[in-house]
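Trainee: Using the sequences and the hints, build the whole thing.
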Amino acid sequence: MSTPTTPTTPTTSTITDVEGKPRKMAIRLIIILLPITTLLIFLVFCIRLLLKSKDRKANLETKVTKTGDIFTIWNFDGRIAYEDIVAATENFDIKYCIGTGGYGSVYKAILPTGKLIALKKLHQSEIEDPIFTKSFENEAHILSNIRHRNIVKLYGFCMHKRCMFLIYEFIEKGSLFCALHNYDEATGLDWIKRLKIIQGVAHALSYLHHDCTPSIVHRDLTSNNILLNSESRAFVADFGLARLLHLDSSNRTLLAGTYGYIAPELAYTMVVTEKCDIYSFGVVVLEALMGRHPGELVSLLDQNVMLIDILDPRLSPPVDQMVMQDIVLASIIAFACLRSEPKSRPTMKRVSQEFTSGKKQSSKPFPEISITELRNQGIYLADVIDS
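Each residue of the sequence shown is one higher than the one before, counting from 1 in UniProt numbering.
Among these hints, one or two may not hold up.
As the list claims (entries may be wrong) - Pairwise CB distance ranges, derived in the manner of DEER restraints:
#, residue 1, residue 2, range
1, VAL86, ASN376, 52 to 58 Å
2, ASN376, THR113, 54 to 60 Å
3, GLU296, ILE98, 29 to 35 Å
4, TYR183, ASN229, 19 to 25 Å
5, PRO112, ILE32, 53 to 59 Å
6, HIS210, SER316, 17 to 23 Å
7, ILE192, PRO264, 30 to 36 Å
8, SER135, ASN376, 45 to 51 Å
9, ILE41, PRO112, 35 to 41 Å
What the hints assert, rightly or not - Derived PhoX-like pairs (lysine-lysine); straight-line CA-CA distance at most 20 Å:
#, residue 1, residue 2
10, LYS108, LYS121
11, LYS108, LYS173
12, LYS173, LYS115
13, LYS121, LYS134
14, LYS193, LYS173
15, LYS108, LYS95
16, LYS134, LYS115
17, LYS134, LYS95
Note that these hints are calculated values from the structure, not bench results. Every value quoted in this text rests on a predicted model; they were computed, and no experiment measured them. The C-beta atom is built at its ideal place from N, Cα and C for all residues, glycine as well.
Mentor: If you want it as structure tokens, here you go:
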């Protein structure tokens with residue numbers, strides 16, 4: 001007779017193994033899923049943050065009102081609204097107007113934040129044309145990306161049926177033209193300050209012509225479009241404005257420049273190029289040194305005229321050797337820029353390099369330097385044209 005089999009009782013170790021397997025699997029799953037879940041949460045957070053940032057930027061950059069007005073702001077260090085600008089000028093009251101030019105009037109405005117800005121209210125153009133509106137916005141956006149210490153910052157623009165204006169940083173001392181035509185301000189612009197103004201304008205034009213893509217031709221460089229801050233640093237204003245308002249004209253235009261600054265070739269070519277800016281720069285250089293527009297003097301100067309005799313008589317003649325050498329260099333460059341043949345004018349890149357290279361051209365005593373000598377010395381500037 002067989003003995004009954006006694007059921008086997010699970011040992012403690014067996015129970016532990018059976019119960020431990022699910023626990024180990026759970027721990028492994030947690031180890032695997034935790035970083036994945038964390039990463040997904042982080043990605044969702046980043047995407048939401050990016051979308052919010054884009055929405056905020058869109059709300060700030062372009063606001064289309066019920067009347068179809070477009071108000072766009074770029075590169076501004078604080079929130080700004082169209083209503084703030086209109087209120088700051090009391091709907092462009094004349095008492096806020098600080099200047100008027102060929103393209104419109106300039107107004108000074110203080111925003112609620114205390115920020116000073118300059119508003120150039122433009123003459124109306126093809127504002128109701130959607131093609132013009134889009135082209136204007138694209139061109140203004142390009143100009144707003146310009147960054148140079150000697151160029152006025154463009155913050156943005158506004159356009160609607162009753163009003164179109166550009167928003168610039170405010171430059172406090174006004175234009176070089178006004179400074180030269182005010183005795184106290186003119187005498188405050190000593191030779192060193194005037195030379196720095198000339199050099200600053202040269203660097204700004206070199207940047208516009210050679211460092212911007214596409215290159216930007218100012219088209220209307222005058223002493224009125226060179227602004228000075230409290231330290232007499234020069235800022236080029238209204239760059240590209242002629243093209244901005246004549247978007248269908250390409251490089252051909254009937255209105256390119258101000259009388260007395262216009263390159264002679266425009267009379268028969270009607271084509272605006274960098275060489276037109278270079279000619280205008282030559283006029284501005286002489287204007288800064290003489291204290292007035294050179295006028296017909298540009299073409300009438302002969303070998304009997306000495307450099308010292310055409311300098312601004314409101315300032316004492318320069319006595320510092322370095323200042324005298326810099327005046328000579330600026331004069332050589334000015335006459336090189338004023339050559340009647342566009343191809344013989346130096347590029348603004350070359351001009352800018354000349355001002356920073358420290359190269360001096362004349363060893364004669366300052367009072368003995370004639371205009372003819374300066375014109376002849378300027379020949380070397382044409383050696384590497386367009387190279």
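Trainee: For which of the previously enumerated hints does the structure constitute a violation, in increasing order of number?
Mentor: Result: hints 6, 16, 17 break, sorted rising.
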